[in-house]
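Fit chain B to the given chain A structure using the hints.
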Amino acid sequence: MLNFTSMKTVTADNLTALLVEWHEGDEAALDRLMPLVYEQLRSIAHRYVRRERDGHTLQTSALVNEAYLRLADQKVVWQNRSHFFAVTARVMRHILIDHARRRRYAKHGGGARQVPIEEASAMSMERAAELIALEEALDELAKLDQRKSRVVELRYFGGLSLEETADVLKISLMTVRRDWRAAKAWLYRRLKEAE
Amino acid sequence: MKAERWHEIETVLQDALDRPPLERASFLQDVCAGDEELKTEATTLIAAYEEAGDFIEQPAIAQDAHVLLDDDIGREIGPYRIIERLGAGGMGEVYLAQDTRLSRLVALKLLPVYFASDSERLRRFQSEARAASALNHPNILTIYEVGESDGIYFIATEFIDGKTIGELMREQELSLEEVLDCVEQVASALAVAHAAGIVHRDIKPENIMRRHDGLLKILDFGIAKLSEAPDSVQSEGTGFPTHTEAGLVLGTVNYMSPEQARGLAVDVRTDIWSLGVVLYEMLTKRLPFSGATRMDTMVAILDRQPAPLSQSTSELGLSAPVLQPIVDKCLCKDVSGRYRTVGDLLEDLKRTREQLSDKVGPAIGRRTSGWTGRLSPRFVSATLGAVVLVIAIAGTLLYWPAVVPRQPSASETAEATAKAGKLYSQMSERERLDFVAEQEQRISSMMGDRPVKLDEKAVRVIKARVDRYAARTGPSTDPETGSTTAVYERAQPYVPLIARSFAARKVPVIIGIYLPVIESAYHHCYESALGSKGLYQFLPSTAAGYGVSREEMCDVEKMAPAAAHYIADRMAELGEDSQSVTLVLISYNRGAEWVRDSLRQLRGTENYSRNFWTLLANQEKLDEGFRRETAGYVPSFFAAAIIGENPEVFGLPTPPLSTLAD
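Taken in sequence, the protein lines are chains A and B. Take 1 as the starting number for the first sequence in the working numbering and just add one per residue. Take 1 as the starting number for the second sequence in the working numbering and just add one per residue.
Just so you know, not all the hints are guaranteed correct.
Label pairs and their calculated CB-CB ranges [unchecked claim]: (1) B:T659 - A:K170: 13 to 23 Å; (2) B:L22 - A:E193: 23 to 33 Å; (3) B:D455 - A:E193: 54 to 64 Å; (4) A:D139 - B:R130: 23 to 33 Å; (5) A:M125 - B:G147: 19 to 29 Å.
DSSO-like mimics (lysine-lysine), calculated; alpha carbons at most 30 Å apart, straight line [claimed, not checked]: (6) B:K333 - A:K143; (7) A:K143 - A:K170; (8) B:K2 - A:K143; (9) B:K39 - A:K192; (10) B:K39 - B:K2.
These are calculated hints, taken from the structure and not from any lab test. Where is the CB? At the ideal position from N, CA and C, for every residue including glycine.
The following block holds chain A by itself, in its conformation from the complex:
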């Protein structure tokens, strides 16, 4: 029960302030934003799964935009949109990596299981390994070139378009394109080496 209801107490004003605080480097603000953003991500995921079944394709960035509007409710200043996008990407990354790590650990877990672990999990072992490798590579890339790792985070985990990524990072579209292709090459090579 431990305070899971606190997500209801983050108001629009709170949201603005928390986004700014996080943007200004206060990592603790992410803890408070996490539940709120997680709920939004879940609702995005929900629609993703449904539309997938319906055979429609879907623009993730459109969904993230909608999620923001739902939260912001007019009260949040528009410039915070990019903070929100950035937070969403970071939270998504945390969630997936978290899950992947748990997934990997679970293989070593003992005890009698009623549900075989493969069935119980939404993530395959291969996918978990892939994500963990990507996370490690992304951390390495951040040490070499912080901005490129952020471009990847925003695009891959945040589902943002090139234009939105440029907007969030306040760099030109051209720079995003170039960062993206270099990062992609670098990461791909890194993962191949590791295999």
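Here is chain B on its own, set in the frame of chain A:
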């Protein structure tokens, strides 16, 4: 590799990538002359780029959406098997889990992995949580275990099935006795914690839960401070455990003490302040300190005096001027003017309670029974209530005379056509069907995303209901049920209240408005043999489960939030897009289990989709109750909403009801 070297490599890489693939090798040959490492780096990166294809081009969510939905259900963490996700909090995900050793239910909080990788924070977390787990008091949430299993850090606590004080305040009136009882329970728990040297530091309504039997539990002892900046220090000499809180301004600030707002050292008197804020809020339904922004609120906390209880707009606030000194002493900005310990506060509370029972004894006595009598009843399945509801609705609908709409005269038709829209009564059969289909889509989209194109049969069913209702517009001679005009007029004053209640639960407001309209129950409190009555037609036991007593079932103020809560619960079970909401509507009637079973039964049928219209199209495969009663429920809802949202088309002298929502 150094960052500078990488930039060198990248420049070459980018230049090469700007050239056509066939020219790249020779370009590298030239530009990397003499620097073999540079050449190898650039060559392998280009090869990687060319081979990468759609690597990371699709956002992760496209592949992992299921992960966010299915989470860890069924997973075992140490001895705990996860059953259900309860929610997310400041410090990670919370699950309902079973302790496989003891077969008991626990609330299991899993800490995010990134949190666990911060060893200083983790150490602090573990020591705080362990200290808190030593607290033993009926009003403090019991921490069973703080542990780690295969790299996952978790806290297992007692599982509380109940509501937070925040939810209770929003959903129902609290009596003075309830308020005092609540404050006393919290204070006595704080006394034990304070004696053990633990300050809660985040006392607020959302951190206090009330179990169904009325027992309060304080959550998050020793955990509140973990979301703070990691620079807490022990101060000396005061005898109180104190911490500095530089930079701590996260979450809600409304319950924060002045010393917290200033980032100064805090002690037990911070909890006394926060409890004072909760007391004030429960009495007056207002926060003593609030502002448009967090900064404004903090300024109010530091500088402003809350309005005295005697100026309160709530009856409860006015009834208790005798509590003013207690409120003042909790909310003294200078810590030295505040109660020194919760023990002192408890004594004052006790004295005041005695005073009150001398003065207004009967009033308190009367409400005391409410505290235990009204709140203890367990939630009872809504299915029974729903059956009653069906009977009530079916009764209303079946006895409405089906009147053939009057044929318009030629001049009337011309007049209507001249205007933007036509009156429904003047439309041709085809136009009516088109109108109904179009309006159904509009109303569906007001209920969530993913509206569906209706088939001809579904449109006809709704249209038949619209025709029936439309025949009842105009003056009525029947005082018992009233004309449709009268029903919509009666609904008007309640719309803002309904809108607030439903919006608070994130339930589409349109459901709240038209659900009772189809029951024609705004003026009379219908009562069945089973006791179902009132605006939203609940069984007394169901109503009690949502905090409404039998006597209150005709009170719209009570019933609207309860109905919203009830529907929100069904949406959580069945889904929230507009198609699932059609199922939610019948679950109001038949229960969610029935809905799921019926869908399962029909899964193999042609054109199956997960909505009411599939059930309708295949009704011969479902039970008799559906054909006789339930089948009419959703069409009636749409018919009511179509008329209510398009009053001009039906010649009603009311505005569209949803426009009154704010």
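Evaluated hints:
| no. | hint | result |
| --- | --- | --- |
| 1 | B:T659 - A:K170: 13 to 23 Å | 41 Å, violated |
| 2 | B:L22 - A:E193: 23 to 33 Å | 26 Å, holds |
| 3 | B:D455 - A:E193: 54 to 64 Å | 57 Å, holds |
| 4 | A:D139 - B:R130: 23 to 33 Å | 31 Å, holds |
| 5 | A:M125 - B:G147: 19 to 29 Å | 25 Å, holds |
| 6 | B:K333 - A:K143 | 48 Å, violated |
| 7 | A:K143 - A:K170 | 20 Å, holds |
| 8 | B:K2 - A:K143 | 9 Å, holds |
| 9 | B:K39 - A:K192 | 19 Å, holds |
| 10 | B:K39 - B:K2 | 17 Å, holds |
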